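Protein chains: 2
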Amino acid sequence: MTNTLKSRQFAAPRLVGTPQLLSRDADTSLVEQIVRSIETRIDDKLLRTGSRMPSIRQYAEFNGVSRFTVVEAYDRLVAKGFLESRRGSGFYVRERSPLITTHQAPQAHQWQPPLIDVVWLVRNMFRQMPNQKKPGTGMLPTEWLDGDLIANALRAISRQNASQLLGYGDPQGFLPLRQQLQLKLAELEIAVTPEQIVTTTGVTQALDIVARHFTQPGDVIFVDDPTWFLMFGSFAALGAKVIGIPRLADGPDIVKLAELAAIHKPKLYVLVSVLHNPTSTSMSAAKAFQTLKIAEEHDFIIVEDDIYCDMHPGSAVQPATRLATLDQLNRVIYLGGFAKTLSANLRVGFIATSHETAQHLADRKMLTTLTTSEIGERVVYKILSEGHYRKHADRLRTKMDIAREKTVRHLVRIGMNVDIAPPAGMFIWVDTGYDTNILAEKAAARGFMLAPGALFSPNQLPSTRMRINVAAMSDPEMWRFLEEECQR
Amino acid sequence: MTNTLKSRQFAAPRLVGTPQLLSRDADTSLVEQIVRSIETRIDDKLLRTGSRMPSIRQYAEFNGVSRFTVVEAYDRLVAKGFLESRRGSGFYVRERSPLITTHQAPQAHQWQPPLIDVVWLVRNMFRQMPNQKKPGTGMLPTEWLDGDLIANALRAISRQNASQLLGYGDPQGFLPLRQQLQLKLAELEIAVTPEQIVTTTGVTQALDIVARHFTQPGDVIFVDDPTWFLMFGSFAALGAKVIGIPRLADGPDIVKLAELAAIHKPKLYVLVSVLHNPTSTSMSAAKAFQTLKIAEEHDFIIVEDDIYCDMHPGSAVQPATRLATLDQLNRVIYLGGFAKTLSANLRVGFIATSHETAQHLADRKMLTTLTTSEIGERVVYKILSEGHYRKHADRLRTKMDIAREKTVRHLVRIGMNVDIAPPAGMFIWVDTGYDTNILAEKAAARGFMLAPGALFSPNQLPSTRMRINVAAMSDPEMWRFLEEECQR
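As they're listed, the protein sequences go chains A and B.
So the first sequence is numbered by the numbering used here: it starts at 753 and just counts up by one.
So the second sequence is numbered by the numbering used here: it starts at 753 and just counts up by one.
No lab work stands behind these hints, which were simulated from the structure alone.
Certain hints may be false.
Unchecked claim - Listed next, the in silico DSSO-like pairs over lysine-lysine satisfying Cα-Cα at most 30 Å (straight line): (1) K1158/A to K1194/A; (2) K885/B to K1151/B; (3) K993/B to K993/A; (4) K832/B to K936/A; (5) K993/A to K1017/B; (6) K1158/B to K1194/B; (7) K1017/A to K1045/A; (8) K832/A to K1045/B; (9) K993/A to K1017/A; (10) K1008/A to K993/A; (11) K1158/B to K885/B; (12) K1151/B to K936/B; (13) K936/B to K832/A; (14) K1045/A to K993/A; (15) K1017/A to K993/B; (16) K1008/A to K1045/A; (17) K1017/B to K1045/B; (18) K832/B to K1045/A; (19) K1151/A to K885/A; (20) K1194/B to K885/B; (21) K1143/B to K936/B.
Values in this document were obtained by computation on a predicted structure and should not be read as measured data.
Please construct the entire structure, taking both the sequences and the accompanying hints into account.
What follows is the structure, encoded as structure tokens:
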């Protein structure tokens, strides 16, 4: 395992040089704080196997603690197997073998090399870090969302008959929410009954269940290139082969899609039609039609992830064609959720598909998590059914429009190429002109988290593009950093 | 697929003969009610492909509706593809081909034949049906649980800073809950740090994540025989081979375990040490030690599912040895949760394991559901940390003791063999002397859901045993049924 780590070509940003946040008032001793901090860095791969630790003196001076404290911390880390002491040379991060080595057969970890960078970025997204330090984040700042909406709904639910919350609930999901989703989809001209809908723990579980149901190890799954990178790890873990279809501003590269479909005979093509991540572009009607024709010809299923649905102002305002609208859930499986616009923590997503497939997927869901909690589903139901959601989404879009315009202007001013300027959505897929892996590494050293382009592509090749979140671009220091770097 | 259904050897109970619950006051027309009811039965495999429907006249008379109503309902079902009309012979349940047939390659469904019965029982458990009609249920009646505990905790959470609920939360789970679990495990003499704990969507997701991490298709997983049957479908879906280890009153059949381990070289052995499902027996200290020795010798991991932990009065009162207590999470992965004692709907379970494995499993969790919702985890944290949980569990145990004693006496009186009389827990693994598949089928016709023994065994062979829930034995009609059947 450690070997696969070593052989990685892409270097994840390191935070080795930043000072520790040590507190003399904390409940835990300074020694313990240092031990934990170093352990975390090693576990997060920020300190690599074999790398040399700062000397005891360096560490002590840099962090303003006594050398005795550092000696004790290093000693404990040696005892715990995190570090090793090499006579006359100092302390090194140790190659830690898993506790139960024999069970980690090499083929069980085939999927790890591409995963580890993805995991690095995902872990960083979950790190408690101010939003203006994360231009690469895929989420809106919490200040943009509405905590009171959630709190009020929770309070209302706590006043209902609580015995409803004691059982497992419906394996397909809370029925009133599915009825509400039926109405939501009807507005997108997708006709469904509640029986065709299965709720999930976010779109992530939806993708996992669908991929597990329709693929066997060795099968091919097409994804957009670029796209949401968590899928690479998720699908690779199932033993599927992930192949990227170049995504142009108006949808997939159709010639390439037809060519690759003929060669690889994919089982699934997972795509985002409206406000594609990371480009925030939407598919044209013609491309949607052509994509469906190719899917029919080569007999694969399309999984349409519409998580950014409500960041789009609607097809009356801007063109937006969903494949599910054309196909009516015959060959298209439609996924949606509320993590981006309402709250990620509710973990409410859903699948809409044929009646038959919905039954199979509900069974799959039972085998993996039994049911999903109704609490989050009741919260979403309440906010949707009482009309709050629509108003909230309107406000979000207005705010996003202002931030997007400002960000584009600023990016252009500092010399970046905004050739794909999206009229909606939260992302800009900017071309910096520099290798964004290196840029991200430098940014990390300054305390910022960027999302380098390489991560979004299944082949993970270095890229000059990166994804920028228009709602997380308020820190002047970050702008200064970008300006300096890109004018060198 | 339909072929595999036809070739099944075990006949799931049918409800064909029971009258429909039709309402003239309902919002939906009688025709629609009939259509839906028949659709559900077909989907639930209660009406089998190829079976003949009652004639229009029979159906109308039996349900007290006009023949026109039935004609219209049958016609709609024909149009929807659920039924077919055979000239001069009547209506038949149609063989429904999946919408997307080509993608359902036969090997993708290898796991289905055993699954379908399990799914049948699981689906029935989720059916809204009074608890006294479900002696086979694995849950406590909602009246036994404490809805106010949940409601109060939810209310308190809604008053906290709601912005905490907008982000994804910690991929390992809500930290204060993990700290609380550290204390809980310390009482069982299992030493862990919060970093060694990963929360999950119930024990079900914990099992799924662990199995996915440690096995490849073709690998062998040992389970207790009998055991919680959902695992058969879950593991088979991963392509694992599930083999049962005979479970005796004091733990696994050690000779058999050693023998089978040498032959099959399993990757995992999933077992319940304390209050095993369905026998409610606990493992002896000697058996626990022997099991661990065999695990070491043949180098497999033990997954210890301790979901019934708090139904046990504690090792000071009755012997109870956990393998994790002996092994200290070296070779044992410990699973727990609160679905049985607090609320299934919260979907809060957890994994405790080595620091290294916890990191890997947290990554796996990210790939399948990103995070778990913090709401349920905050609810459990509150109830645990404020001391309510302990008192609630004490009350449950007292109530269960009374119900168990009463149930055992009654079972013996009607001539059933209670050879394994557990001193704690909610199940009795009773020997009826009759094939419980047939008994369950007859009970279903009377509106009761039993849990026949065959379901709990990986080989699914007919059995004279069944699992009885002592908390769901209050219906005199059900006792009359058992008495009649078993004295014939």
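Taken at face value, is the distance from the CA of K1045/B to the CA of K832/A at most 30 Å? At roughly 25 Å apart (the allowed maximum being 30 Å), K1045/B and K832/A satisfy the hint.
Checking one constraint from the list: CA of K1008/A to CA of K1045/A, max 30 Å. Satisfied? holds, 14 Å
Holds or violated: K1143/B with K936/B, Cα cutoff 30 Å? Roughly 14 Å between the alpha carbons, so the hint for K1143/B and K936/B holds.
Need the status of pair K885/B, K1151/B: alpha-carbon distance at most 30 Å? With a Cα-Cα distance of about 19 Å, the restraint between K885/B and K1151/B holds, given a limit of 30 Å.
Is K1008/A close enough to K993/A, meaning Cα to Cα at most 30 Å? holds, 17 Å
If you draw a straight line from the CA of K1158/A to the CA of K1194/A, is it 30 Å or shorter? holds, 24 Å
30 Å limit on alpha-carbon distance, applied to hinted pair K1017/B and K1045/B: Since the Cα atoms of K1017/B and K1045/B sit roughly 15 Å apart, the hinted pair holds (cutoff 30 Å).
Going straight from one Cα to the other, do K1158/B and K1194/B come out at no more than 30 Å? Holds - the C-alpha atoms of K1194/B and K1158/B are around 24 Å apart, at most 30 Å.
Has the given pair, K1045/A with K993/A, been kept, meaning a C-alpha gap of at most 30 Å? With a Cα-Cα distance of about 23 Å, the restraint between K1045/A and K993/A holds, given a limit of 30 Å.
Does K1194/B pair with K885/B here, judged by a C-alpha cut-off of 30 Å? holds, 13 Å
Assess, step by step, whether the Cα of K993/B is no farther than 30 Å from the Cα of K993/A, and give holds or violated. Roughly 24 Å between the alpha carbons, so the hint for K993/B and K993/A holds.
Holds or violated: K1151/B with K936/B, Cα cutoff 30 Å? holds, 23 Å
Going through the hint list in order, the structure satisfies each hint without exception.
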